[in-house]
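Colleague: Sequence:
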Amino acid sequence: MVQRFFDCSAPKCPRPSARSVGAGCDMCSRHFCGLHLSQDFHHCDATSLDDAGYRALVAAEINHLRARINGPAVCKLASSLNAGKACVLEHPSNVVGLDSLTGCANYHVRVRFEDGSPSWLLRVPRVTGFAVGLPSSLAEYLIRSEYATLKFLETTRVPAPRAFSFGIPSRGTDCGVGVCFLLMEELPGRPWDGRGDTSKVWQRLAEILAELEQHRFPQAGSLCVESPRDQPLVSAAASDRFVCLDPWGPFKTASDCTHSSRSRPTWCIDS
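Sequential numbering from 1 applies to the sequence shown in the UniProt record's numbering.
Among the hints, a few may not be true.
As the list claims (entries may be wrong) - Only pairs whose alpha carbons sit at most 27 angstroms apart, straight line, appear in this in silico DSSO-like list of lysine-lysine: (1) Lys151 / Lys252; (2) Lys85 / Lys151; (3) Lys76 / Lys151; (4) Lys151 / Lys200.
Worth flagging that the hints you see were computed from the coordinates, not collected in a lab.
Fair warning: this is a prediction, and the values are worked out from it, not measured in the lab.
Build the full structure now, drawing on both the sequences and the hints.
Modeller: So this is what it looks like as structure tokens:
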């Protein structure tokens, strides 16, 4: 049986919430099924928000998430993994925009070491946002898979940040941090807005794909680990590109993977 992400918040509705970004509402803090998401039942109008109103909604969500993060515990863990170097956390002053370190599904906090050595990032899934619609169970699996993927990439020539540790509160492995997290290296650079350097970007992408093609796996799925000490293994596919599916697989053949990817969304309709 497919696990629900959330239940519909409408009174007496037994249906699961829809699985998509925007199926929940940060204005009224509720999740909705496809029926009750319509304007006939849900009367919040997100399109009426101006920039200030949107920023206020995101700020409220991120502040809720920040309140869960135990800063001293993060610094203690980071210092223990970096030769005892003292560090501090730097929360971005902006929660929206290029300098915010807030992605569609994750919020990031900079870990700044006092000796001036390269900074790290604390990557935290946005599980406090209704509009994001990311359940804790999926966020936990994604963190384990992202850590495993970064550890695998360390063995290749692909330029990727190093992963140092991760933690999951429900498993008692969060070291007191209080949230599901991934601790990783911060790489220098800037976001690409799609303008200029197009040839350079495509060339680098082609090089990355050529490198990855050299590494074959016995199954199709997502790399995953149980703990930071484990070696990455192919396990269930973490989700789809829109983070609307729960883990499924792995698959022994490409045809099995393709067939399941096409049919799985229909399995979730009645979940």
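Colleague: Each hint needs a verdict: does it hold in this structure or not?
Modeller: Evaluated hints:
1. Between the alpha carbons of Lys151 and Lys252 the distance comes to roughly 23 angstroms, so the proposed pair stays at or under 27 angstroms and holds.
2. This hinted pair checks out: Lys85 and Lys151 have alpha carbons roughly 23 angstroms apart, not beyond 27 angstroms.
3. Taking the CA atoms of Lys76 and Lys151, the gap is about 22 angstroms. The hint holds against a cut of 27 angstroms.
4. For the hint linking Lys151 to Lys200, the alpha-carbon distance of about 26 angstroms falls within 27 angstroms, and the restraint holds.
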